[in-house]
Amino acid sequence: MSNPGADARSRVDELVRQAEAIVEALEAKAADGRWAMTAFSRYRVCELLDIPPYGPYGGDVDADPAALLDEAARYVDELDVPIEDLSWRLAVGDALRSAAGDIRAVRDARDV
Amino acid sequence: MRATYEDLLRIARRVAVDVHQQTLTDPITLAAGWRAVLTATRHHVMWLNGRLVTPDLVIDAPTPEASSLQALAQAIGAGADLLAIRNARSTSKLSDKEDFVAARAEVASIALMGANAVLRDLYPLNGGGEQARRLHAHLGKVLSELEQLAQSDTRRNGLGLLGGLAAGGPQLAADDHALLARATAGWQRAHEATAPMTLLTRDLRSMTAQLRTAGGYAWHLTDHLLSAGHRLGFDPYTERFLRALLGALGQFEANSARVARSWQRRLSDINGQSATPGEVAFLDLSAMFNRVARQDDRLLQPDDLVPDERTALRLLDALDELMYSAERVARLQQHAVAGLIMAGRLYVPVAELVQREPQRWPSGVGSQFKPKRWVRTTRPDCFSELTDALGAAAGHLLEASAVARRLAGTTNQTRPYGEDLAAPAPPALEAERSRLREVAIGIDPSTSGQEFDGPDR
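Chains as they are written, first to last, in this note's numbering: chain U, 1 to 112; chain R, 1 to 457.
None of these hints come from the bench; they were simulated from the model. Treat the hints with caution; some may be incorrect.
To be verified - Simulated restraints on C-beta separations:
#1 D7(U) to Q264(R): 25 to 35 Å
#2 Q264(R) to E78(U): 25 to 35 Å
#3 D7(U) to R356(R): 40 to 50 Å
#4 G158(R) to W88(U): 49 to 59 Å
#5 G59(U) to Q264(R): 13 to 23 Å
#6 A63(U) to Q264(R): 19 to 29 Å
#7 P380(R) to E78(U): 46 to 56 Å
#8 P56(U) to S95(R): 52 to 62 Å
#9 A254(R) to I83(U): 40 to 50 Å
#10 P380(R) to G58(U): 33 to 43 Å
Just so it is clear, the structure is predicted and the values come from calculations on it, not from any experiment. Beta carbons: idealized from backbone N, C-alpha and C, even for Gly.
If we strip away everything but chain R, and leave its shape as in the complex, we get:
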C-alpha cells in the first residue's frame, strides 16, 4: 500500500468536513487558521501549474494555538508535498493538462469548504472588531476566485493518471507483510543506485540468482493463496488471476534458468565475491520472506500463512510490490547487459569467436585453445542466447507484475523509480513573492522561516 495523490486529497476533504462540524468563536484563531489554509492552497495550486492571485491575509496579533482549520491546511499541504517530491521519470507520463485542471478544482473546492465554515463562524461574531472585519473583507475577495477555480473542471472524470501518483515506498511497516513490501522496495532501490557499467559478470550472475529466488518466493505465495482461496471463498476472478500469475511466474523461471545456464556456458567469471548493494539488500528481503512464510526449516502451511481474508489482502499487497521490484531489477539487468556488450566488456569463449570470424583467425586457432580461454567482443550475435532469455524473462515478469497489480488494485498507481537525473521544475514562486507577500517586505527570507519551501528543496 502506498499513499497516492488521490488518497491525500480524499483525506483533505474529510478534514474539511471535520472543520464544518466544529465551531470556532475567536476571530484571531479564525483569521490565523484561514490564512494557513489559503497559504497551503496557494502553494498546492502552484505545484499544479496554476495560481491564486488574492494576496494573503495580514494578521497583527500573535498566532494562536492550533485549530481544525490548521489541520485542514496541513492536509492540503500534504498533497502539495507529494507533488513536490515526485520523481521526474515516473511523472513524465503526466502530460494530460485536464488532469491538472481537475486537481486544481478539487483543491479549490476543499479550500472553499473551509472558507464557508469560516464565514459561518464569523457571522454570529457580529462585527467582532477590526480583525473580524478584515477577515470578512478578505473572504469576499478570495471566495469568488476559489469558486471559479473549483468550477473549472468541466471534464468531471476524476484525476486520471495524476490521481495514482505515489511517492516514496510502501507504507511504513505495521506488520511483517508490510515489512516484506518495504524490503522489496529497498532491494529495488539498491539496484537502481548501482551504476550499470560498473557491474561485473559475477554481479550479473548474482542478480539472476536474486531474481530467480524472488520469482520462487512469488510462486510460493501465489500457490498458497490459491490453496487458501478455496477455504476463504475467493471469487472466480481472483482465482483466475492467481492462476495467471502462477503461469507467468512459471514462464519467467524457465527463461531465467536459461539465463543462469548462459552465464555459465557463455561468459567467464573473474574470480571474487560479488558485494553489490543489491545483493546485501536481497539478504534483508530473504530474511523478511522467511519471517513471513517460514518457521525454522519449514514453510508454513497455506492455513497458517493465510489464516484469514485480511492476511490474504496484505499478502496480495506484498506480492504486488515484490513483482513490481523484480520487474524493475530485471529491466536494470537487461539494460546493463546491453550496455556492457556494446562497450565490449563481456567475455566469450575464443572458439565461439573463431567460428563467427574465421577470416580473422589463423586456421586451427579455435581447436588449439582450451575451451576455457575467453576473449572480449562487441559482437551482439555471440550473446544472442543470453539476451533473448533476459528479454523473455523480463517480459514474463512484466506480465506477472500487471496481474499482481490487478489483484492488489494498484493498476493506476504511478510509482517513482530510478535515480532522479533531473527533478521536476518547481513552480515559479520567486516572481510572485514580492507582489503577493505584502507582509514579507523587508524581511530576509533566509532568516524569517516563513517563506514558501517549495522551490528550494
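Just chain U, with the same shape it has in the complex:
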C-alpha cells in the first residue's frame, strides 16, 4: 500500500535533486559569474530538505530547473505535515520559490 505523504515527499526530493544537478552543470560550464547569485537560495533548499548538493546524479538533466523547483513547491504546499512541522513546510515552500526566482532571473539575464 502506498503512502501518499511519503510519495509527495520523495517526489519533491527527486525534483530538487534534478534541478540542483542541472544548475550545477550550468554553473560549471558558464563563464557568467551570475550563477553564483543562486548559491544561497539553493543551499537553503538542500539544507531544509536534507539533500546533499554536488552529489552524483544519474537522471535526466535536460529540463528547466526553475519549473522543476516551482513544481516541487506545489507538492510541498500539499504535503500533509504534523503541526510542529508547519513552519518547516512554509520555509521549504519559500526557499523553493526564491531559488526558482533566482534561477529564472539569472537564466534570462544570459539571454540579453
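Once you have looked at the hints, place chain R on chain U.
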C-alpha cells in the same frame, strides 16, 4: 559613504567660516559661545593625546540661546566623538605621532578662527561691562596657546591615516543603494558577533553559500556598470578597474566553488538547519539587492540599473561596502575553520585517515567502513584542499575589495571591524579636572551634568 575624521574637521572649518560671517553683539552670548568652543576644543585635543592648559572661562549669567559659536563647538565636538567611539582594532594602525600633531594643529586653528571672530565682535562693544572685560582677558591668555598649537604641525602633509578614520557603518540610508550598503555592513557585523568556535559544519557551509552569492551580486553589479560605462562615458581607468574587479571576482568564485565541493566531499554534516545571525542578516542583504537590481523575477537591464552617472557613483559605493564586508566574512570563516581544525572539531571520512595513518588502524578497516563513516581529527593535511581553497578565495576577495575601494575613492579609509576586546584608553581627564575646572569645585560630578563625558563611555 562613511563620514571620516577628515570630513568632520572639514565641516568644522566650514562652520568656523560661518562664524566669521555673522556678528554677535551680546557679550554674554559671546562669552557663553566661546566657553563652549574652548571646552569642545580642549576635549577634542585630549582625545588626540594633547592638552590645553588655559582654564575655562567663568560666566556668572545664565546661558543664553544658541549662537553660531555653539554650532562651532558642536562641530568640533563631533570630531572628538568619532575619536571617542573608534574601534581598538581598526585604530591600532594609527601609530604615527605626526598625524596626531597635525590633527591637533588643525583643531586649534579652527578654534582660533572662532577666537578671532569673538575678538572682532568684542571690539565695538567698547568695554561692554564686566563680562566683556573678563572675556577679553581670557582670550588674551588662550590665543597664544592656540596659536602655538596651530603652528606645531611642521610636516604639513595632512592627517595621514588618522584622516581616513571612520566610525560606525555606512551613512544613514537615503536611498536603496545606501540601504544595500548598510545591509552588507549589518551582515558583516552579525558574523563578527558570532563566536567562531561555536560554528558547526552546516554554519560554515551556509557561510560559503552566502559568500558565493555576495560574489555573484558583485559580479552582476560590476558587469552592468561596465555595460553602462560605454553609454555614460566612463574614463579608461574606471573601465580598467571594473574589468580587474570582474577578474578577481571570477577567481574568487572558482575557488569558492572548490570550497563548496570540499564541504560536500570532505566533511560530514550533523543534520539540522543553520540559524546563525549571519544567515538571517544575509536574507536582509539579499532582499535589498533584489530591491536594487531586480523587478520580480527579472534582473534590471544595465540602462535601468545604472540610468545616470550619479547612480553609477552610488552603486560603486555600495559595491565597495559589499566587497569589504565579504572579505571580512571570508577571513572570519577562514579563521574559524583553522580554529576548529586545531581543536579537532571537524570530521573526515574514515578511509581518508586510514590512508594517512595505516599503522594506527588494523588492516582492512578502511574498506570495511562505508564511505559515509566519519571521524574527527586534528591532522591539518586531511583538510588541505579545503584550507587552500578558503585561503585563495579570501585572497581574491581582498584583491577585489582593494579595487572596489579605488573605484569608490575610499582607499585611505580605516573602518572599524570586529568585536571590541579592549576599547582605546581615554585621555586622562581625571587628574586635570580639579585644576582646570575652577567652577566645578564643590559640585558633585554625577549630578551636575556638566562634566566631560569622554572617559565614562
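Please flag the earlier hints that this structure goes against, numbers listed from lowest up. none
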